[in-house]
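Q: Heads up: the sequence lines are chains Z and W, in that order. Just so we're aligned, residue 8 is where the first sequence starts under the working numbering, counting upward by one. Just so we're aligned, residue 8 is where the second sequence starts under the working numbering, counting upward by one.
Bear in mind the hints are in silico, worked out from the structure with no lab data behind them. Given the structure is predicted, the values throughout are model-derived calculations rather than measurements. Wrong hints could be hidden among the right ones.
One copy or any two copies: either way a pair holds, since identical chains are not told apart in the list.
Unchecked claim - Using 25 Å as the maximum straight-line C-alpha spacing, the simulated DMTMM-like pairs for lysine to aspartate or glutamate come out as follows:
1) LYS323 to ASP92
2) LYS351 to ASP92
3) LYS272 to ASP92
There are 2 protein chains.
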Amino acid sequence: MNFTIDREVLLEKLNIISHGLPSKSPMKVMEGIKIDVTDNDLFLTASNSDISIEMLVKDSSLVIQERGKTVVPGKTFIDLIKAFDSRKITFFLIEDKMLMIKADRKEYRINIMDPNDYPNIDFVALENPFKINCLDLKKAIEETVFACANTNKNPMLLGVNFKNNANKLTLTATNSYRLSLKTLDVETYDPFEITVPAKSLDELEKILESYEESLPLEIYLAKNKILVKFNDVLFQTRLLDGNFPDTSNVCPKEKDTKVIVRFNKDELQTAVNRIAILSPIDKDREREMTFSAVVLKIDQNYEVELSSANIQGAGKEILIPIDIKAYNPLVIGFSSKYLLEALKVLPGNEIEIAFIDGAKQFVLKSVSDNTLLEIILPFRLEN
Amino acid sequence: MNFTIDREVLLEKLNIISHGLPSKSPMKVMEGIKIDVTDNDLFLTASNSDISIEMLVKDSSLVIQERGKTVVPGKTFIDLIKAFDSRKITFFLIEDKMLMIKADRKEYRINIMDPNDYPNIDFVALENPFKINCLDLKKAIEETVFACANTNKNPMLLGVNFKNNANKLTLTATNSYRLSLKTLDVETYDPFEITVPAKSLDELEKILESYEESLPLEIYLAKNKILVKFNDVLFQTRLLDGNFPDTSNVCPKEKDTKVIVRFNKDELQTAVNRIAILSPIDKDREREMTFSAVVLKIDQNYEVELSSANIQGAGKEILIPIDIKAYNPLVIGFSSKYLLEALKVLPGNEIEIAFIDGAKQFVLKSVSDNTLLEIILPFRLEN
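Input sequences plus hints: build the corresponding full structure.
A: Written out as structure tokens, the structure is:
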């Protein structure tokens, strides 16, 4: 193996590959990046228990003198390339034991691992892609993935459910106390339903962040995994195995709606942030929904009040909604954390909250965008 | 107690006071901020085991309706004032049990503590100040405090030694493997020698950072403590009790100097940062000086080489110094961490390193500034 490449080009690719590295692995070779130099191309591969990433490095600065394969310690290799300040860097193997990294007056040798010990990654065949725009997918992940569970109680809730049917792709994420529901128009494709681990989506989202333009993206589906292909990246992740709970009746029907209130998003956000300072922090993970509990009250005079109390004190604020439809007195308690996280992803300046009869779940959406619904389960107030 | 004040004015003072709050205290009242409203003035006080801070709040927006004293839970109070978005806030006590915080349509009550439980802080008498410019002091702290020890082995090394003599103030900080030495010209004052805890200086530096202008600053000395006064701030800290080691012979004499090399600071910094990636990381706290060990070699041909090696590989770089005086072959090992920390505080673009005969300590200074010396103890190389 012997090749030269512009440092910046390589570093950009390594930044993407790094999302596939495990932080630690019992198999040392898995903490490595596989470098595969063919006659004309350079391939980089990293893999952990959830994700595998393979990148094709194509660049006019790439000059290959000799083909070859090796595995380098991932973190150290990336740290070194980051720390280099030369424009071009040359890499070559010394007796299949070390990789020499050379530029200007610098010479670094790193001990390599046997590429034959690196597992052969079985990427899904590139046939019959489901197509979606990369910015649309990135936004949809952002808007849903935060709502996943973070405990193992129901492992299926550790992922986002993707359901495709009749030119609609629906993403659902829930921890059973709140739910995020996103709908996207997509090209015609066979119906499918898969649940993708939240951790994999977090990494995919971070990778997509480095692409500012609107790239086409292809998803190839297999039984237990999917392969996402865009630009020169192959991103494969395992899927969660099991049935995602049916959430089709979580979204309340219009006839059950008791009150609809519209707020300026920033004003509501600031008020909830403030009132949450004096909310009781419940550390009991079983009662996750009551974290930072605050109370919303709409009284006979249509006054909207936000309040909270804990051992340090109590707060009360009168909110001025933009509009109230269907006036009915209402008192509900809910997690300020869930409300703030929902507000953070809802687009636009005005948001609408629909409260349901009987203090069941309530629904937040942007006035300007119907594709995202944020649903929160309130809790019964003790007094 | 009943007063109104502009939120921004109060918040600015609270940001300073927060540096005096303990993160946790067995005495709950110590986690509080004491608020003392007299007929015309507002005083804020916070205190922990090392530091006490008292601030006089004087502002045209301050309107006092009724005098009074109270202690409020520090963190919660600051969080609330930060979260308020009103211009003016009104504060008043309800039955000496709660402090009401009111603005626009918001009402927050926080449970207060008894001001009689708050210890009376014995501030040093404001007599016979030692005067220094606040920016000069801030810079001198920055340039020395990082070099203090962070283990308890020799408790005196947990602070910076200030020695005043013949219109020179000398700050010395060392962990016994490296030393930072700063000299400042000051006004005539009686000789003194004190050692100020590094933690207190860290907080003082952070406070001084919020003052961009060059303010006069006064230091009042007492037996076990000093009081620093600037603007409307009283900042008092305990002193370390004991004798600071005599470091007067640490700085090598010119006749012992073997090699003097000048480097471009940025180039040296980048090279050391890079070479340190392949240096052995010694986790043994007893051998702190060998952390991230790298080797510098000057050979017969006046070539300057930086190198390192660990289990992952090895690196080697040829450095191009600006100048070498007194050519002598030299090989020394040192902590890259100490060198990088020294380079970080040395001003200017060019730095000069003086190596001593017998691989004793070596000295770094800026070519453009003689007031700061950084001294590092190398270690013997095993081969």
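Q: Against each hint, give a clear statement of whether it holds in the structure.
A: A quick look at each hint next to the structure:
Only between protomers do LYS323 and ASP92 lie at most 25 Å apart by alpha-carbon distance; the minimum there is 15 Å, versus 57 Å within a single protomer. Taking identical chains as interchangeable, the C-alpha atoms of LYS351 and ASP92 lie at most 25 Å apart only when they sit on different chains, with a minimum of 19 Å there against 39 Å within one chain. Taking identical chains as interchangeable, the C-alpha atoms of LYS272 and ASP92 lie at most 25 Å apart only when they sit on different chains, with a minimum of 15 Å there against 46 Å within one chain.
When each numbered hint is compared with the structure, no violation occurs for any of them.
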